[in-house]
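**Q** Full structure from sequences and hints, please.
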Amino acid sequence: MKEKNKVLIIDDHPLICDAYRSALQQVMREHKNINLKIESAENCDSAREKITNTWTEEGWDLVFLDIRLPASKDRRVLSGEDLGELIRENHPLAKIIVATTFNDNYRIQNIFNSLNPEGFLIKNDLDPKELVNAIVKIMQGGVHYSQTVSNLMRKKMHNSINIDKIDRQILYELSVGTKMKDLPNIVPLSIAGIEKRKRILKEIFDVEDQGDKALILKARELGFI
Amino acid sequence: MVLRDFYRCYFPFAILICLNLSCNQVDNSDYIIPCIECSKIETVLDEFKLNHLTKSQKLDLLNEAYELSTQLKVDSLKSLYIFKISNKMLKLKEYSSFRDLSEEYLLLAEELNDTMRIADYYWNMGLYYSKIEVSDSAFYSFKKASQNFSNVGHKYYEAKMDYNMAFILRRSKNYIESEAYAFNSISKLNSQENKVLLYRDYNHLGLLYYDMKQYDYSINYHQKALNIVSVLPKGNIYLERSLNNLSLIYQKQEKYDLAIETLNEALENSSLREKHSNLYAKLIDNKAFCMFLNEEDDNLLQRFNEALAIRQNLENEAGIVISHSHLAQYFLKKKDSMKALAYAKSAYEISSRLGMNRDILESLELLSKTDPSHATGYMNQYTVLNDSLIQQERKIREKFTRIQFETENYMAANENLKKKNIWISLTSGLALFSLSLFFFLYRQRSKNKTLLLEQQQHGFNEEIYDLMLKKQNRTEEGRIQERVRISHELHDGILARLFSVRIGLGFLNVLDSNKEKEQYDSFMKELQLVEKEIRTLSHDLKNDDLSSKKDFTILLSELLEEQSRLGGFRFQLKQDQSIAWNRVDEMIKINLYRMVQEAICNIIKYAKADEVKVSLTRENDFFELRIVDDGVGFDTNKKNNGIGLKNMASRANSIAAKIQIKSQVNNGTIITVSIPTKTLYHEGKK
Chain A
4 MKEKNKVLII DDHPLICDAY RSALQQVMRE HKNINLKIES AENCDSAREK
54 ITNTWTEEGW DLVFLDIRLP ASKDRRVLSG EDLGELIREN HPLAKIIVAT
104 TFNDNYRIQN IFNSLNPEGF LIKNDLDPKE LVNAIVKIMQ GGVHYSQTVS
154 NLMRKKMHNS INIDKIDRQI LYELSVGTKM KDLPNIVPLS IAGIEKRKRI
204 LKEIFDVEDQ GDKALILKAR ELGFI
Chain B
61 MVLRDFYRCY FPFAILICLN LSCNQVDNSD YIIPCIECSK IETVLDEFKL
111 NHLTKSQKLD LLNEAYELST QLKVDSLKSL YIFKISNKML KLKEYSSFRD
161 LSEEYLLLAE ELNDTMRIAD YYWNMGLYYS KIEVSDSAFY SFKKASQNFS
211 NVGHKYYEAK MDYNMAFILR RSKNYIESEA YAFNSISKLN SQENKVLLYR
261 DYNHLGLLYY DMKQYDYSIN YHQKALNIVS VLPKGNIYLE RSLNNLSLIY
311 QKQEKYDLAI ETLNEALENS SLREKHSNLY AKLIDNKAFC MFLNEEDDNL
361 LQRFNEALAI RQNLENEAGI VISHSHLAQY FLKKKDSMKA LAYAKSAYEI
411 SSRLGMNRDI LESLELLSKT DPSHATGYMN QYTVLNDSLI QQERKIREKF
461 TRIQFETENY MAANENLKKK NIWISLTSGL ALFSLSLFFF LYRQRSKNKT
511 LLLEQQQHGF NEEIYDLMLK KQNRTEEGRI QERVRISHEL HDGILARLFS
561 VRIGLGFLNV LDSNKEKEQY DSFMKELQLV EKEIRTLSHD LKNDDLSSKK
611 DFTILLSELL EEQSRLGGFR FQLKQDQSIA WNRVDEMIKI NLYRMVQEAI
661 CNIIKYAKAD EVKVSLTREN DFFELRIVDD GVGFDTNKKN NGIGLKNMAS
711 RANSIAAKIQ IKSQVNNGTI ITVSIPTKTL YHEGKK
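Those protein sequence lines, which keep their order, are chains A and B. Numbering-wise, the numbering used here comes out as the position in the first sequence, counting from 1, plus 3. Numbering-wise, the numbering used here comes out as the position in the second sequence, counting from 1, plus 60.
Do not rely on the hints blindly, as some may be mistaken.
[Unchecked claim] Here are the simulated SDA-like cross-link-like pairs (lysine to any residue), alpha carbons at most 25 angstroms apart as the crow flies:
{"no.": "1", "chain 1": "A", "residue 1": "K216", "chain 2": "B", "residue 2": "R686"}
{"no.": "2", "chain 1": "B", "residue 1": "K602", "chain 2": "A", "residue 2": "R171"}
{"no.": "3", "chain 1": "B", "residue 1": "K602", "chain 2": "A", "residue 2": "I125"}
{"no.": "4", "chain 1": "B", "residue 1": "K738", "chain 2": "A", "residue 2": "T181"}
{"no.": "5", "chain 1": "B", "residue 1": "K592", "chain 2": "A", "residue 2": "N106"}
{"no.": "6", "chain 1": "A", "residue 1": "K158", "chain 2": "B", "residue 2": "D600"}
{"no.": "7", "chain 1": "A", "residue 1": "K201", "chain 2": "B", "residue 2": "T613"}
{"no.": "8", "chain 1": "A", "residue 1": "K216", "chain 2": "B", "residue 2": "L633"}
{"no.": "9", "chain 1": "B", "residue 1": "K738", "chain 2": "A", "residue 2": "A195"}
{"no.": "10", "chain 1": "A", "residue 1": "K40", "chain 2": "B", "residue 2": "F567"}
{"no.": "11", "chain 1": "A", "residue 1": "K7", "chain 2": "A", "residue 2": "T55"}
{"no.": "12", "chain 1": "B", "residue 1": "K577", "chain 2": "A", "residue 2": "L18"}
{"no.": "13", "chain 1": "A", "residue 1": "K140", "chain 2": "A", "residue 2": "G196"}
{"no.": "14", "chain 1": "B", "residue 1": "K531", "chain 2": "A", "residue 2": "G180"}
{"no.": "15", "chain 1": "B", "residue 1": "K738", "chain 2": "A", "residue 2": "S25"}
{"no.": "16", "chain 1": "A", "residue 1": "K35", "chain 2": "A", "residue 2": "N106"}
{"no.": "17", "chain 1": "B", "residue 1": "K577", "chain 2": "A", "residue 2": "S25"}
{"no.": "18", "chain 1": "A", "residue 1": "K184", "chain 2": "B", "residue 2": "K530"}
{"no.": "19", "chain 1": "B", "residue 1": "K335", "chain 2": "B", "residue 2": "I320"}
{"no.": "20", "chain 1": "A", "residue 1": "K205", "chain 2": "B", "residue 2": "K530"}
{"no.": "21", "chain 1": "B", "residue 1": "K585", "chain 2": "A", "residue 2": "G180"}
{"no.": "22", "chain 1": "A", "residue 1": "K216", "chain 2": "B", "residue 2": "R678"}
[Unchecked claim] In silico negatives: residues of chain B with every beta carbon more than 12 angstroms from chain A:
{"no.": "23", "residue": "E237"}
{"no.": "24", "residue": "N329"}
{"no.": "25", "residue": "L421"}
{"no.": "26", "residue": "V444"}
{"no.": "27", "residue": "Q451"}
{"no.": "28", "residue": "A472"}
{"no.": "29", "residue": "S485"}
{"no.": "30", "residue": "I546"}
{"no.": "31", "residue": "H551"}
{"no.": "32", "residue": "G553"}
{"no.": "33", "residue": "Q579"}
{"no.": "34", "residue": "T596"}
{"no.": "35", "residue": "L620"}
{"no.": "36", "residue": "N697"}
No wet-lab data here; the hints were simulated from the structure. Backbone N, C-alpha and C define an ideal beta-carbon position, used for all residues, glycine too.
**A** Okay, here's the thing in structure tokens:
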């Protein structure tokens, strides 16, 4: 184990950053072999700088990543997800702990698909003890997912439904009340194409001849959104 | 000379017949005797018919009847009796009394405004004038009578008047016009009517053509007259008269044998001698004259004398003139100039006394032959008389022409009036028509205006609906936005801060005692629960968005709720969740909404329903809107089903939907609107 591991906390709430620090310090207190150098970034701009302009040859070892962040000023980094991709690109060895208040399946799944983080914490499930445990576990090369996330993963493993990203996006957009006429601006498909996918989705979820609401409820029940 | 015969023979005859008819006509109205005076008059008049009375006695009776009739109060009755009495006066040749009575009769008739009676008056006046041989006045009177009969449309009497006028005209030597009137008279008769008049017309024409020396025509018409003699009333002497007339033509054509034969045929009637001795005398006289002309001397003198004797016996002076004239010719031939002169003189004297001009001329001619010594004097007298006669005739003819012209003017004026009337009625009809047309157009226009206004109102209604929808959408959008905002606020702000506070607290480790630690942990758990609740709340706020997609159905249910309260009925709104209303074109939704509104309106107005079911369903390829009520229903076969249903139909048509209205009286109404799903969504694409 190296003497010093570099940790980056990315969260727009200073209080949360402090909480993470406290947790890390407690880890250091309890495990004398772990030595950490902690830095934090409170917005996308500073986070990107810290990720891309590393002054040492070694990169970040552990990153706490909040998903909902104020976008960068140049609008190129819009969320923690984009930062996560940057981290994966620049610091392949870094371990990522996603900590978010999101608990909807769609977002969680999307994050899994794009970042495949070592830790996935749902802030509201979290308490100090779990946080400390999660850090230790991940530092030692394991993974840790919050209860909500684990449940979702299990549910997904259980059912045989297989839909692609666009399908999920459509379902998600419908669930948040996006209008059909606006969908083509979000999903790279025509109205007819979307309509067709929706019909297939209804078949898959066994809600034929019912409204969108039925489809969404079913999809949510099955953990797709 | 022969001409003279006809006048004498026919003129009184014609008058008698006409007079009879004239009386008959009035008698028809004399159905009951309605009062004591009337019955008294009737008895007086009955008494008058007795033959043995002398003329003065008869006159007394008539005066008595007149006295009685003046007491009558009913004008129509009074006029009837006055007419009867005046007729009898005419028969008695009491002309002044007749005229007075006739004038009175005319006044009454005019008072009663009875055209028939006025016509009767003129008829009688015509007879009177022809009796006293005032031809122009007679003609005028007959013409007037004819006009009046024509006014009341009495063809038969018109024909009679025509005959009378023809008769008068012939007497005045107006042959051409006389011919025209005779033909007029015939043309006005129809086959069913009394043939006597037709016989008379034929006979008249026969005589007329004789006068005009067209003997073949004359024979032809006499034959025609003879042909219908068989259907004429029996006991008359039509046949014998016609035969006599015919014989005169043969005599003129110098077919004496034929003439004699014809006369013999007439003489076969053995009753002639007693009943119609006048005609009998004429026949034998004519026969003798024919034989004389044929130079057959078979008791000629005896025959002439027999005729003369009968005539003298009858005091038939005109007949005596003829007999004397014949005898004069006979004796002239026999060279017995003394006797010839005596007869010729006698003929001249009698004819002069009677004013029979033609006979005077003939006797003058005879005298000049029988008395050669005074021949020049007679011839001079002859020429003077002849000239004056011709002049007189011409004057009379001119008078006739004037009367004719005047009456024709009158007719023309009448015609003009008629034309005017036609024009007036035509123009007034036209005016009425155009007025009604105008009225109709006006109504149509106002109707159109109402329709236009209605249409405009519909347009406004649609706009209102559109605005309602938009407003609904806006508020919904605002609501959603607000919810999303709150949800985000809760989620990103409050929740994050709560979390950070909780975690931060967790790392403080300020507490030592176990008890306090436990308490601390439970607070932390509580805090975590609060976070969870907030998160759920935030989610729920967002997820409620789904309900906002049912804007159309919300409007519908709002409508139904409101109307059901108004109309006091229960309602059910069923809808298929699978219909994506946000994809359906607003126009379709507007029209569907309007149709529901219209139907509900009808239900409230007419149906008196307790329950209304509205359903929006999708089955296979069709979308269906169904409105069912349990009200009184109506007869769908009735043509005029009101503007509401028509509107619904036109709305359905405008969105390519099919509408079906099923209803039975007292059995509710079912309205079904179906649209292919494709149309429903394709419209949405536009």
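**Q** Could you tell me which of the numbered hints above are not met by this structure, giving the numbers in increasing order?
**A** 13, 15, 16, 20, 21, 31, 32 and 34
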